[in-house]
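The listed protein sequences correspond, in order, to chains V and D.
Per our numbering, the very first residue in the first sequence carries number 1; after that it's consecutive.
Per our numbering, the very first residue in the second sequence carries number 1; after that it's consecutive.
Simulated from the structure, these hints should not be mistaken for laboratory data.
The beta carbon of each residue, even a glycine, is placed where N, CA and C say it ideally should be.
Where hints are given, some of them may not hold.
[Stated by the list, open to error] Cut-off 20 Å, straight-line C-alpha distance, at most; resulting in silico cross-link-like pairs (PhoX-like, lysine-lysine):
#1 K113/V / K210/V
#2 K113/D / K2/V
#3 K21/V / K2/D
[Said to hold, decoys possible] Computed list of chain V residues with no C-beta within reach of chain D, every gap over 12 Å:
#4 E110
#5 T227
#6 I338
#7 L396
There are 2 protein chains.
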Amino acid sequence: MKEKISIGILGLGTVGSGVVKVLKNHDEVEIKKIAVKDITKKRNIDGLNKSMLTDNPQTIVEDTDIQVVIEVIGGINPAFDLIKTAIKNKKHIVTANKELVAKHGAELFELAKKNNVTILYEAAVAGGIPIIMPLKLSLGANNISKIAGILNGTTNYILTKMDTEGREFEDVLKEAQDLGYAEADPSGDVKGFDAAYKIAILSSIAFDKKVDVNNVYIGGIDNITSTDISFAKEFGYKIKLVAIGQMANDNKIDVRVHPMLVPKTHLLYGVDDVVNAVMVEGDAVGKVMFSGPGAGDLPTASSVVGDLLCIVGDLLLDNTPIPLMRCKQRNGAKHLEIDNTRNKYFIRVNAKNVPGVLGDLGTICGNNNINLYNIVQKGVLEDGSARVVLLTEAALEKDLNKAIEEMNKKESINKVQNIIRVMD
Amino acid sequence: MKEKISIGILGLGTVGSGVVKVLKNHDEVEIKKIAVKDITKKRNIDGLNKSMLTDNPQTIVEDTDIQVVIEVIGGINPAFDLIKTAIKNKKHIVTANKELVAKHGAELFELAKKNNVTILYEAAVAGGIPIIMPLKLSLGANNISKIAGILNGTTNYILTKMDTEGREFEDVLKEAQDLGYAEADPSGDVKGFDAAYKIAILSSIAFDKKVDVNNVYIGGIDNITSTDISFAKEFGYKIKLVAIGQMANDNKIDVRVHPMLVPKTHLLYGVDDVVNAVMVEGDAVGKVMFSGPGAGDLPTASSVVGDLLCIVGDLLLDNTPIPLMRCKQRNGAKHLEIDNTRNKYFIRVNAKNVPGVLGDLGTICGNNNINLYNIVQKGVLEDGSARVVLLTEAALEKDLNKAIEEMNKKESINKVQNIIRVMD
């Protein structure tokens with residue numbers, strides 16, 4: 001039995017610094033080296049010894065003493081190559097890199113299997129919330145039918161502010177950027193890419209298939225207005241950026257990220273601000289939910305070090321830490337195309353203030369197999385046009401698109417201004 | 001590498017039947033024997049083969065083919081002896097037995113360690129919700145400072161019904177018994193023992209100490225009235241049976257179960273009906289919450305089989321499944337006595353309808369170092385007495401007890417009718 005396991009860390013940004021701090025309390029782990037861009041940079045991190053630093057990451061992934069490599073650089077390059085080299089050198093991997101796992105996970109898992117090492121990546125999804133390990137292990141007995149989550153803190157913060165303060169997207173985004181909650185280029189968050197990486201990863205575990213993130217349908221929140229939010233509120237909903245992965249017919253999976261109206265009765269309704277949450281539905285367990293901080297240095301480090309300690313626990317006993325990986329992902333997933341999904345819809349229309357508008361809208365919907373659940377005309381705008389909101393029952397997306405096209409051509413209707421899917 | 005692992009199951013009640021059903025989907029496990037009381041009893045369980053049944057549990061715990069024993073009998077006898085024999089015969093254990101783990105866990109863990117086998121017990125706390133494994137593994141990097149949970153579905157159902165329908169405890173309890181949500185002898189649930197076993201187990205893991213369930217302070221919900229609930233509601237609270245384990249000063253732990261007023265802003269506020277939830281606070285992660293079904297055949301079986309598959313995954317690779325246990329529990333916990341805890345309180349008083357009552361109450365509190373946050377007199381009852389409710393700031397429990405004693409002696413006060421602690 002060993003006493004200590006030597007590790008190397010690639011990257012010393014926000015998460016890397018958190019990892020060093022958290023590891024101070026764990027004697028069984030010895031940080032041998034940390035790869036940074038600039039060795040001379042002043043750093044004030046509790047537990048950091050300057051002699052650990054190197055600006056040559058290659059020396060870490062090739063170091064024969066190091067048994068586990070933690071990758072917290074992020075992005076594809078150079079993380080991908082470094083991890084591949086580390087695996088070939090028989091090192092176990094802990095990574096927080098959602099983009100890399102979502103885009104190249106299958107390849108990495110295969111390489112890891114061939115080299116008899118494990119890759120853990122709890123921190124890649126939902127920061128500090130334990131979700132990957134519970135999905136693989138505690139819920140391992142279930143056939144998972146659905147995962148639905150709020151997986152991006154930045155957009156949840158923006159939508160919460162828009163809801164509670166009645167402000168517009170651009171205005172809140174700017175504030176979030178000033179506060180450091182949103183990046184200077186916010187597209188990764190607000191256009192839904194970040195959440196898409198995460199739901200691709202969760203879906204690949206839950207359904208045990210290779211999920212290509214390019215097949216994930218992605219919609220952002222940048223077209224959500226305070227008008228949409230206040231109508232939604234009136235009907236008893238909040239608008240949230242929801243990531244969904246679910247089994248569909250013919251063994252297809254339906255994986256997507258887009259804004260949705262979430263009803264008061266839903267578990268995700270109360271998940272506000274920067275909080276993340278994941279709801280999992282399985283044949284044995286029913287519905288369980290996990291919520292907590294989806295980002296931040298220490299919460300993310302909590303997941304990274306949690307993974308590390310799992311591997312270290314096995315290594316100290318000369319065990320092979322393979323079972324924790326438990327991802328076969330033998331087959332590529334077949335995806336249900338968004339056109340063939342069935343959804344309820346919230347449709348906001350700008351119409352002429354003339355008799356027959358509601359009738360026209362109802363007729364178009366009816367002709368396209370869409371049952372209306374609610375149709376409301378709300379006052380007349382300054383320019384004399386009328387604002388109409390429709391809530392539909394579940395309908396086929398391609399029928400909906402046809403109806404929208406017909407609405408936009410209709411004399412009495414100026415324009416369909418927004419279409420947002422509605423959660424059950 | 002093996003292909004299949006042979007297991008035995010002790011007990012075929014609600015949970016046992018669920019386990020058999022769930023195991024139908026898992027080829028890597030072969031149920032060799034199931035111990036039941038009555039072999040001749042008619043059973044209609046998908047996946048059950050009559051030839052598996054035995055009425056001699058001893059043949060399971062001594063069977064040399066069987067590598068893992070699932071115990072779902074419940075209670076101390078004969079489960080305790082059977083598990084001990086199974087461990088001595090080098091079998092790994094999966095149990096759903098909260099009472100046994102809470103009362104004799106430390107002894108069993110030691111015996112298991114000596115025999116190089118593991119004991120997993122995810123199902124013993126919060127049914128289908130993954131909490132033990134995430135606490136041990138994913139959150140393993142944290143120093144846990146607090147766990148707070150709603151761990152008993154029956155009492156949560158009763159309190160929710162009392163709250164939403166304005167009914168009294170006895171009335172709702174009877175209905176819950178008729179519906180099968182509460183047992184004929186409901187004391188294990190309503191007096192808080194069930195939740196106490198569970199918080200003792202969680203605290204022993206979180207704080208890595210032997211927690212003796214006899215040192216857990218326990219209060220039930222049988223003295224909660226609809227009057228308490230409606231006052232609580234008026235102040236913005238729900239009353240819930242809360243289980244708490246937290247670190248206190250001098251390395252003591254404060255572990256208890258009792259009703260509390262939960263504020264709207266708290267994560268547990270929205271946890272209603274039979275749902276269970278556990279909030280965990282750690283130095284790195286901050287606050288995370290887990291919620292879902294706390295009971296039921298299939299949810300509980302989800303946790304049992306989840307544990308089983310963890311062990312099986314290791315056994316198939318000839319690994320030693322020890323690390324999953326990861327409970328050192330070297331030292332017995334020192335408990336903070338309830339008298340020395342600090343809490344906010346809700347105090348409901350029946351007073352004479354005379355001038356000076358509020359002054360008397362205020363003076364008594366002030367003399368005992370208790371700051372009042374709110375004091376309300378609400379109408380006059382039919383018998384001419386007045387109803388007064390006090391909300392205090394955090395105060396020492398022994399000061400509170402002294403104040404209550406003085407109130408009960410005071411001329412202007414008929415009786416202190418209920419005292420309920422208030423969550424922050």
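For each hint, the structure was consulted:
no.	hint	in the structure
1	K113/V / K210/V	15 Å, holds
2	K113/D / K2/V	18 Å, holds
3	K21/V / K2/D	41 Å, violated
4	E110	18 Å, holds
5	T227	28 Å, holds
6	I338	30 Å, holds
7	L396	32 Å, holds
Figure legend: structure checked against the earlier numbered hints; the only hint not met is number 3.
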